[in-house]
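**Student:** Single-letter residue listing:
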Amino acid sequence: MSITAIRAENISKRYRRGMVGTSGLLRDTLAQALREPHRFLRRDRQENFWALKGVSLEVREGEVLGLIGRNGSGKTTLLKILSRITRPTDGWAEIHGRVGSLLEVGTGFHPELTGRENTYLSGAILGMGKQEINRKFDEIVSFAELEQFIDTPVKHYSSGMYVRLAFAVAAHLEPEILLVDEVLAVGDIRFQKKCLGKMGDVARGGRTVILVSHQLTQIRRLCQRTVWLDGGAVRRVGSTAELVSAYEDDMTSNGVADARPVAGAAQFLRWQLSGRERTSEHILPSDDEATVSFLLRVNRPLKSVVHSINLYDQDRHLVWGNDYDAVTLEPGLYEMRHTIPTLPLRPGVYTWRVGVYEGGLPLDDWECVPQMHVTTLPVSHSRDDSAGVLNIPSELQIVPTCTPK
Amino acid sequence: MASVTSNTSAIAGAGNRSATLPITRIEPQHGSFSLRLAELWNYRELLYFFVWRDVKIRYKQTAIGVVWVVLQPLLTMLVFTLFFGKLARMPSQGLPYPVFYFAAVVPWMYFSVALVTATNVVVEHQRMITKVFFPRLILPFSAVLSGLVDFAIGFVVLMIFTLSYGIRPTVSVLLLPLFLVLAVLTALGIGLWLSALNALYRDVRYLIPFLVQFWMLASPVAYPSSMVPERFRWIYGLNPMAGVIEGFRWALTGKGQAPGSVLIASVTMVCLTALGGLLFFNRMEGSIADRV
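Heads up: the sequence lines are chains A and B, in that order. Counting with our numbering, you get residues 31 to 435 for the letters of the first sequence. Counting with our numbering, you get residues 1072 to 1363 for the letters of the second sequence.
Bound-form chain B, shown alone (with noise of 0.2 angstroms):
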């Protein structure tokens, strides 16, 4: 497509003034495959006003705003709780039901919501995208991290949660943060595959709601891993967000799995997925355009 070189103008003489400018060449697409990060950071300033309507929005629109952020996942935390704990008796791996289950609700929200929301991105800018240039890639991202404002405050509620339940931090939760880099990585890759594939077949969104209950069933959000035969684990593992939901919950209350095959599986599965993302939607940018 269109490659932005910062050489200066080959035209000698021609003055100071087009010696600065930038020199762009539009061409047809020739069927390659490339990364396009560059370019998208040159445009970090547009992908941070797109995420601070994103989120001003958000809290514009709802009326109960903050409050529902925090009732979501409390609730159901306390349906798991009732049902998987209380009355099934599923294992907790030495926390209490409500910690084990809250720890992994809310990264698992993020992960959820970023879906849907990277889903539809595209479709749902398709009037601005025919109008003014900027890099698509945009849009996915701007989608995997509006979620993050949502989670930030989740968060501070689990936090709170925890220490109120006794539980104290151990040198494992400097580690969170890596989690929560491999929660936005595996939401970002695979909300990327989506954006794309949405944006060429316009009923993929229509298989997200199942896509994402029977992903939640795949993942150990509701009961721990370690209910995973052994040998098996690293196959388990190929779902990447049993890596993040796992590893999110050991970094902030100590107990449960530590890290593993799991993780491990996880993470190789984290960047296959978000690199072929890249380069898949960058592959089908052009299409989209011209069907949208």
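This is chain A alone, in the form it adopts within the complex (with noise of 0.2 angstroms):
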């Protein structure tokens, strides 16, 4: 007998960016009321964004649903809605048991407080109670391995230990219903086994689970069903693996993504390698100097923008960023070409991820798809978890000094 968890029906969002003009600063909204009344009073229609459109779905009791699609496709606001942050424009849902949302790891943290009470309080807002957290606390403390540091600020921790503690309290949470975005992707490797392996119990044990991730892998691994949200809507429903599969095409092809919200100021669109002796768009076979372009679409005048590129490697950790200040375009597409003098790397999977910023908010904010396969030849082995991220070349040369008598 299975009991519906999670029902949503025709869900939508609406963000309004006001009128045109609006700073949130109260001495220019009252400024304009006083100037322009009438416009004041209106609505200006132009300035709407729907982060969803009519999304509807069900979810069983103990069911884990997976939830992919594009950065931007409203799979965070979703979440956002069903966590009750923030309310829908249209369209209901009801839900049937406690929610626990993870949304981002370490939430509620200060780096005055020490471990111990940073878990209290951590929890608490996670929604444990004052005797849960107590019943649990070696547990979590064991979990994160801090058994030692428990009792010593945070400002002092590693960000490793940070986040082991982090996503110690966030695992140890037991609501009916959980909902989880891409927080499965902290730590080093063993510890990122760790939370897989606490995931997995999790997703076994009876719990109803909405995950969001761009891994793929891991959607494959835990989710019976998942929902393809793309643009705002539904795209597609169905059992993970044909869905994944179906999704992982889509992302390698090389159109112009129309299935990218057109909505906004500005958007990439793609993204590919150029210059000579190139032969694959997205494959970097040498440390010679490299020129990535990323196609940018612009709809809206921007001024003074910042665009930014970062590259990471398959940990995610940051391996080279940079940003462009005072950027400024008309509407229109756009080639953004970076050359790099060279981009000594070690071979494997990395990911571009660009953006375009004013005023500090993300216009655009992508994460590059299809990734970046480097096929450099290593200059050590290239399984040597030693050897680091750079692929670069030394020379030893051992001289004899005189020793002192």
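Each hint should be verified, as a subset may be incorrect.
[Claimed, not checked] Result set (DSS-like, lysine-lysine): computed pairs, CA atoms no more than 27 angstroms apart in a straight line:
#1 A:Lys83 - A:Lys166
#2 B:Lys1131 - A:Lys160
#3 B:Lys1131 - A:Lys185
#4 B:Lys1157 - A:Lys166
#5 B:Lys1326 - B:Lys1131
It is worth saying that the hints were derived from the structure and are not from the lab.
Assembling the complex is the task here: the two chains are given apart, and the hints tell you how they should meet.
**Tutor:** Listed below in structure tokens is the structure:
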């Protein structure tokens, strides 16, 4: 007998950017109200953006549902609505059971408090009662492997320790329904495996889970059914195996990605490596000069925005990044061509990430698909974990020096 | 928004487990006005944690810690005694100047700090608000309540101070808790308005120093309200802090201005402000989460 744990009907979410020229400052709003009272009262329709449009779904009790889609397809917005963090503009949803939402690791942590104090605080914020935290405290600390440091202020923790504790707290949440947003990619490989194991236990433990992830292997491993969100609407629902394959096919196709939401001021469409002697648009064969281009569609005039570019390795470490200020563009299609004198990377899979930021807020922030494959010949064994990220040859000379008597 | 009902699941024969699960309905905001105090009560443990955190952090960070909590009102009192008391010779209703000012400064400091904290609380938690659900009301409530620890310390010093001047408490001291509650309600009422406004319009917090300054002069901190002509006193009482300060001073020392028209006007204002603040904050809550 299956009970519906989550039922969503026609969920839509509109973000209104307010009147043209709102700065969120009282003095500007007052000034505008005085100067142009009619505009102040009328809602300007052009500044609307539908993050979700008519999304309906049903999740049975104990089911693990995957939620996939490109950045900006509305996955996080949907989770936020189901978590009651934000309200839908239209539609409704009914949830049977308590909801725990893991949208980020370390919610509520304060650097001045000790690990112990932060465990209680974060646990409470995530929805655990004091009794519950007392009960699970030792388990949480041993999962995080922080027995010795639990009474040290968190500001003294390394980023690895921080993330382990944060995840340990979150992993011991036991609500009936769990909404997880890409939290699984934390820590080093060993800890990630541990997290995955724990998540697997949670998934198999009869809890209802909605999992949002870009890591399709995890989706395949944990989810029975998957929903594919595209441009704020449900593109496909079905068994994970066939859906994820369809999604992957779509990702690697070279066409202009119309499926990415057209709404918004600017949006990246695709990327490629260019320059002489290129055999493939997404494979980097050597550490020579590399030219990587990103196709950017600009929908409204952009003044003094920031264009950021970042490169991540397969462990999601940031390998390189750069920002360009004061970029001004009229509406149109642009190729953002970055020329890098050398990219001495070890062979593997890397992900580009580009963004356009206005006033600190992202107009578009795209983790590029497909990923880039680096096939440079490694100077050390390609599986050698101690060789690091850079692929740079070096020479050793042993020079005898005078030994002091 | 979401209403958590404690109805049992409508599915019959589904087993005992689902009969006890809370059912939450998520809907768009219908432009209604609601108090949502029941929801806040359900989350009272989290409210306690927020207050606990604020207090812990406050005392971990300051090197001088407790000393500063006492030093601030004491120094203010000294300055007032010197300039308003000795030099300007303002009336003090039969109380020694230091006691007159100290008894007003302690509740006043609580109020002004609570106001500043409440104004910034939603914006400071903007990251948390976008990542996890809890009734947003907890934030201004915790801002107003966490100042009570500082107040308690200041109050102890105030008591010692007052007694050392030979002023024995009279029966009016029993009403002291009432005036404290009034002070908290006032801070809460104004704090709710300000925290919502600041989340919507980020420059509101720049108005606060001016507001607090002006407000202090409009309150009977540095002078007694008896200086205000009788027939205008109720207008003066529209400042809710007028009733609080006067009443506090009177309850503690038994001297000074007994509650009258000022207090009645203040209490009415406090109730209206708190109610209005609650409704306004709840109404704006949705747009805050989207904007923040």
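**Student:** Would you mind marking each hint as holding or not holding in the structure?
**Tutor:** Verification of the hints:
1. A:Lys83 - A:Lys166: violated (40 angstroms)
2. B:Lys1131 - A:Lys160: holds (22 angstroms)
3. B:Lys1131 - A:Lys185: holds (13 angstroms)
4. B:Lys1157 - A:Lys166: violated (61 angstroms)
5. B:Lys1326 - B:Lys1131: At roughly 38 angstroms apart (the allowed maximum being 27 angstroms), Lys1131 of chain B and Lys1326 of chain B break the hint.
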